[in-house]
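Student: For the protein sequence lines, the chains are A and B, in the order given.
The opening residue of the first sequence carries number 1 in the numbering used here; numbering runs sequentially from there.
The opening residue of the second sequence carries number 1001 in the numbering used here; numbering runs sequentially from there.
Treat the hints with care, as some may be off.
Said to hold, decoys possible - The calculated lysine to aspartate or glutamate pairs, modelled on DMTMM-like cross-linking and capped at a C-alpha distance of 20 Å, are:
#1 1136/B - 3/A
#2 1065/B - 1160/B
#3 1053/B - 1083/B
#4 1136/B - 68/A
#5 133/A - 123/A
#6 1084/B - 1240/B
For the record, the hints were derived by calculation from the structure and aren't laboratory data.
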Amino acid sequence: MQELHWGLPVIGYLFLAGVGAGAYTVSSSILLRGGGGGFRGDHFNIARYGALLAPLPLILGTGMIIFELGTFQAALAQGDIGLFFRWINLFLTMNLSPMSIGSWILAVCIIASVIYAYTFLAEGSAPDDDNTKLRRGLAWVGVPLGISVAVYTGVLLGAMPARPFWNSPVLALLFLISSLSTGVAGILLMRALFGKHDKAPGDVAVGSGESESRATYLLASSDVLLIGLEILTIVLFILFAQLTIGNVSQAVSVILPGGDLSTLFWGGVVVVGLLIPVLVELRFVIPTLLDHQPYSMPRGVEMAVCAVILLGGFMLRYVVVVAGQMTGPMGI
Amino acid sequence: MKATTSTISRRELVGKFGKGATLAAVAAVVPAEAKSAVTQGPVHYAMVIDARKCTGCHACSVACKAEFEVPLGVHRSWVEYVEKGTYPNVSRSFLPRLCNQCSEPQCVTVCPTGATYVRKEDGIIVVDPDICIGCKYCMHACPYDARFINPTTGTVDKCDFCQHRVSKGLEPSCVNTCQGRARVFGDLNDPNSEVAKLVATEPVTVLRQEMGTKPNVFYIGADHADENDLRVPGQYVRVDTHRPVLERR
């Protein structure tokens, strides 16, 4: 068993940054797709959940990762104030290291997402208020920024031949898709938790139940598509690793049947995180898709599905980060 | 102390003939590596370790600990024991390990702060403890597990070929102390240095060549057997790393 240099703070960071980046991207896309408001403001309302959610996991995750820094841990042990803020060095330079590029993109993304959230927070914010121009501008920025943050987390791990499990170009794509999927789940969860009940009498601002349920149908059906793509990406990830000989196929064997992380991966990531939620979502999406019935998922089911998708996203980061550190090159 | 005097005269030699002669020497000795940025410096330090002469006495590990006050539990330099075979066909060999001072160092390309870099003048890879934030990215990137977090500073630390000694014309502490004379240190750019001659004339190998890092620590007679090496099914191989991490990475 190898030493885990990157532990829970990094795993949590990769997950939370993914959720935040995904929520920002999805929220921006929904806002732009609905032309800033959409029919009776339902796109606006869905976008608002995403916008208000996005900065929280981004900031929380970034805060967590500081705990993994060797200098921060030494600072805690010794009470040295200077060492606490050593991470500032990340922003005193810029080079081609994935971590350097990622830190800068992450910093810009956090700032943009905070301002984007603010445009939705202002008193009486509505589809065509004074902040519309700023909001749409930040949404245009948000799509590439969110995707960049999600992709960078995969590139960060994938850059090193000395870590054969991570050294796959598919990993960045896998993290991107997982990030968008957990972002959608985060938005749906926020709506299920804090949204007013559908068809609330006389409440036009929240959107009449029918049109907002159309927007959540859009989200849920995209999530089915994203999870489908995620399963395909995982198949590709394992397939190409298994087809290689040497370091990479040796490394991937820890998540294959008989490997140390096999139960966690197939049970936690694939069954709990992907198959169960996609089947439940399909159960509610298919009648609308095929028979044009009105879409409605019970709030409890929606919460459970979203929670499970988020758990699956965390498990994916957990398995990938741990498996990458358990394995190394063969021979010497 | 013969090797020490040769180090000094080598430096004088470099001074006399200047850059032109050095570049010519680079082209003559290591034409394949002429493209590498490291070899363009005036001096290109390298080490040759003759594993046949190593007795596994750990004097190098101890000298290194003393030289740098390396805290307990972490190592800049260490010796691995490799046991293999089935009785009566068995062998035990020793593999002294340290930072390979690669010419294509991945630890340097992933460092987000520029704290770890290649010294232009001699190709040694160093970590600046005043810049390093301890993100451990380089520890993942290193295929040799040569890097660690120094618990007293919280920053990454590793072997630096005793840069404070070699820049004064001395040998690294591990070379100085090696009782079997298994370690030879010197300038690869100088065709008359012992390392350049050994690399040119002996069948030297490097560790994990397939990683493409172009290490500057060469081995003669090293046993590259590894527990994960499944080329000979059923063959008993045990590696004792003499470190808290019991497995090689």
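Student: If a hint holds in the structure, say so; if it does not, say that too.
Tutor: The hints, checked one at a time:
1. This hinted pair checks out: residue 1136/B and residue 3/A have alpha carbons roughly 12 Å apart, not beyond 20 Å.
2. The suggested pairing of residue 1065/B with residue 1160/B holds, with an alpha-carbon distance near 13 Å, which does not exceed 20 Å.
3. Between residue 1053/B and residue 1083/B the alpha-carbon distance is near 17 Å, which keeps this suggested pair within the 20 Å criterion.
4. Straight-line distance between C-alpha atoms of residue 1136/B and residue 68/A comes to about 9 Å, which keeps the hinted pair within the 20 Å bound.
5. At most 20 Å may separate the alpha-carbon atoms for a hinted pair to count; residue 133/A and residue 123/A meet this at roughly 16 Å.
6. Between the alpha carbons of residue 1084/B and residue 1240/B the distance comes to roughly 11 Å, so the proposed pair stays at or under 20 Å and holds.
Checked against the numbered hints given earlier, the structure satisfies every one of them.
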